[in-house]
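Trainee: Single-letter residue listing:
2 protein chains.
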Amino acid sequence: MQFFSWWRSLASFRVRIALNLKGLTPEVINVDLLKGEQRAERYRKVNPQMLIPALIDEDGGPVLFQSMAIMEYLDDVHPHPNLLPSEPLARARVRALSGIVASDAHPLIVPRIRDYLEHELKLDEAARMKWIHHWLGEGMKAFEANLANSKETGRYCQNDAITMADICLVSHAVGCNFFKYDLTPYPTVRRIVETCMQDEAVSKAHPLKQPGAPAAA
Amino acid sequence: MQFFSWWRSLASFRVRIALNLKGLTPEVINVDLLKGEQRAERYRKVNPQMLIPALIDEDGGPVLFQSMAIMEYLDDVHPHPNLLPSEPLARARVRALSGIVASDAHPLIVPRIRDYLEHELKLDEAARMKWIHHWLGEGMKAFEANLANSKETGRYCQNDAITMADICLVSHAVGCNFFKYDLTPYPTVRRIVETCMQDEAVSKAHPLKQPGAPAAA
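Just so you know, the sequences run in chain order A and B. For the first sequence, the tail end lands on 217 under our numbering, and the numbers increase by one without skipping. For the second sequence, the tail end lands on 217 under our numbering, and the numbers increase by one without skipping.
Below are the BS3-like pairs computed for lysine-lysine, each with C-alpha atoms no more than 25 Å apart in a straight line:
no.	chain 1	residue 1	chain 2	residue 2
1	B	Lys122	A	Lys130
2	A	Lys141	B	Lys45
3	A	Lys35	A	Lys180
4	B	Lys209	B	Lys35
5	B	Lys45	A	Lys151
6	B	Lys130	A	Lys130
Chain A residues, not near chain B, derived (Cβ > 10 Å throughout):
no.	residue
7	Arg8
8	Lys22
9	Glu118
10	Glu125
11	Met129
12	Thr188
13	Gly212
14	Ala213
Since the hints were made in silico from the structure, they are not lab data. Values in this document were obtained by computation on a predicted structure and should not be read as measured data. No residue lacks a Cβ here, since even glycine has one placed at the ideal position from N, Cα and C.
Turn these sequences into a full structure, and let the hints steer you where they fit.
Mentor: Pasting the structure below:
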């Protein structure tokens, strides 16, 4: 199994947590987005969309892409521990919470968007940071509102087992830390993120613990 | 079953296709995003994130949100016809193709983003349209590259049955039409979208055929 990833990529972080939870140890191939390695011929052959993460499960097998699709695949093939509950309404809630991050919030702050804001729209750093904080916050507000108002919320987002929703939430919280977005207004989010970080599968997947990351937190 | 939707919403369009394919006929409640009805107290009680679509399957039951999560739910509960293939690698490809639209491209052009570009960044119409076309195009390029280069591509995105990937692709193609983004460079996309539109479950879900839509195409 080959996992194309980069330390700072929050979508890679999600898949890394899922791999750790399932005890899978793929070969990790770093693709440095800041150096533009995703646009190099070598990686374009892997994923023509030039985004990470990507996963090849078997030699010569197809390249899997999109973090949510990769996690669903891992859950299909390696169901223990499951990243989704078994009951359909609970599965829907977990997938919807995951979507707040993976579909609504995170796509708005990834490098290609920040590049567009800087180089095409010529926004200064303050305006770019305002954009980033705005959309990080919209995601966190939606997540907190759901968690705080649902009887399904437990030790983790959905009762007492880690699911994809927790994985997405943790990735978003770390993104907030990267961009110094204050999580004080989100107590349920903070409680669950802290609980998740006590799990070694989560904590050792942290971006700052990966090869290539800067030494200081 | 109650379906909170709006004619122009492409995410609502996706769920509407899925409902039609499965022969489900929920009560439809319109939430006009241009009038800001998503921010009204009445709808905020349904979905605090103020986004559509949302679905309530049973009276008093939870509100389902996020189009991908709703489609997965419908597929869990009403599996015939299935919107995902049964084989894990094929499921992963369908979900990843879906994610190109649902996670990468569409979130960048929704009303709340267009509002931010206009009112916060004060972009003129040309700059806003350039943004929209750029991200519509990035999605279509990625989709076309995958479709054109995969042996899995058939009559539809994944062999010969309609899946979530086709639903997402059709919604994105209709979005391109709304914003006059030319699909000529995407022959595989166009072929599959045209094939999908021959299915009545798809064609009758078209945004312009919904209540509230303008009379002309």
